[in-house]
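Those sequence lines, one after another, are chains A and B. In terms of the working numbering, the numbers along the first sequence are unbroken and rise by one, the last being 327. In terms of the working numbering, the numbers along the second sequence are unbroken and rise by one, the last being 327.
These aren't lab readings, by the way, just hints derived from the structure by calculation. Each hint can be trusted.
Remember, identical chains collapse to one label, so a pair may be satisfied in a single copy or spanning two.
Below, in silico cross-link-like pairs of lysine-lysine (PhoX-like), each with a Cα-Cα straight-line distance of 20 Å or less:
1) 164 x 99
2) 155 x 255
3) 255 x 160
4) 144 x 255
5) 235 x 272
6) 282 x 240
7) 99 x 32
Computed from a predicted structure; not experimentally measured.
Number of protein chains: 2
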Amino acid sequence: MILKKYLTILFCISLMVSKAQTQNSKTGFTIVPLGVKGGLDESNLSAYLVAANGTTNYISLDAGTINAGIQKAIEKKSFNENSPEEIQKKCIKAYFISHGHLDHLAGLVLNAPNDIAKPIYAFPSVIDVLKNNYFTWKSWANFASEGEKPILNKYTYKPLIAGKEIQIPNTELSVSAYSLSHVNPYESSAFLVRNANDYLLYLGDTGADTVEKSNKLTELWTAVAPLVKAAKLKAIFMEVSFDNSMPDKALFGHLTPKLLMQELHKLNDLSEGKLKNTTIYITHIKPCANCEETIKQQIKEGNQLGLQITYPVQGKAINIR
Amino acid sequence: MILKKYLTILFCISLMVSKAQTQNSKTGFTIVPLGVKGGLDESNLSAYLVAANGTTNYISLDAGTINAGIQKAIEKKSFNENSPEEIQKKCIKAYFISHGHLDHLAGLVLNAPNDIAKPIYAFPSVIDVLKNNYFTWKSWANFASEGEKPILNKYTYKPLIAGKEIQIPNTELSVSAYSLSHVNPYESSAFLVRNANDYLLYLGDTGADTVEKSNKLTELWTAVAPLVKAAKLKAIFMEVSFDNSMPDKALFGHLTPKLLMQELHKLNDLSEGKLKNTTIYITHIKPCANCEETIKQQIKEGNQLGLQITYPVQGKAINIR
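Bound-form chain A, shown alone (with noise of 0.2 Å):
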């Protein structure tokens, strides 16, 4: 009798701990950014690991850097396993990638001998770049499911429809994607990552709409304004390249702090003021000598809505809860 009193009460304790693990896997994000930089540095580049928090059930957004990342990140504490290789194959459910510039990919075509079959989500015209100009068998290997024979089909292109949400099988993430303008007409993506209610806004390589002639990011803020109202949208992760003493022609559809600051204000204005409820990541500085500390110190002059902004740190898991 007392035995199985105490397996029933053994029983309960873990089934509240499964229901508090899932509770928690409910709300918010774990953040590992494997890149963080907009060039050069080739162990360095634009690729975030994103799950639902208490999970390690990530999809990557943009891929630059893989596998030197993950070194990072084992270095920094942020996974439990330190084999780069297996915390790839098991950790990483899905790629999103945002375009086809070689800074964001370069990490999962390298990678790809190495990997497990797994589904790629992108834009068509983003799929297009992949399968014409990577996934080929002059500039590397077919390791993907439709292109140049022989295929490999080891991943799977998954073609996106602008705003649209998707759920990422074998995780607790949705995803919804918006175009953006590159160096108008070329398309560049933002993610928006749904945890249950929580919500992510990742954006790759952007132009601001005046430089570029475009309404693209104007369409993304009017779309994601009301998650910022109901402060759902828990961050933004968005880029600046140069500083402002970068010229309009040589921008090459980036942004500087002057033109975030200008496109948040817009997002600001069509959330009422509240977008001081979501974090900003900036992402994608190119290197320079004096280049990050001349941005950060331009977005804080610029900053005049008191919002929360931050840098995140290649290795360094997020925690947003």
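On the provided structure of chain A, position chain B as indicated by the hints.
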């Protein structure tokens, strides 16, 4: 009078120093390996800087990793300067790309925005891959001298003709290229680098003649055998990607210790048993658990010729006299 005498002595000393430096640069090579592995870790992919001894006028044989490799070389005191970007700009005078696979050229493409005008030497088939797959506006930007418009014209394509030696401007070096087979009919290259009477041979990825159903390596060995006999070929950099357990059909145009030795026996026979005069540097080991140890052990066991075989270390300068 005394001042004049001192000035004359000083002038002679400076001439002697200058002459000594010139002689020095006419013997042997300095090699800085910027990346030595055959995959996965984006910060350590095939790239070998080679200069005449006593100079910093390097050519880059392949360019898988540039910036992260120069960082490692700075840590290891292989350069006097401490800015990777400045070292790339000033010390690399030309790139030689063996074939179009991403792990041999990602560093060149990713660092192009920071670089200055330079030549890229390669066979026409390799230039076609750079032109059609990498230096395009959908996959990156066209930093080269031909291809998709607008042309940024930073890099000038210099097509190589097999067996024809060319002098490389702004260096003390001359180079002849030889065609290799890397999954027949795909072409890779070997580069024979000359500094006065000293030679160094670098092979990009290559399969063995028996597996590739090719005679490309036999042709190369025939061409360089006289240099081995004359003790002028100081070093061979050659790939071993997999251990002996990898079946031929899964080699994808690469070598194992057994196939390496099979090829080196051919070269040794052609050069009347003089291959001991040449140091063999093993490149491009593909990472996996214990692969490196297994490959080294199998090479040691297979080295019945008693050749000098060694392993380059990322960032650590090699001096060959």
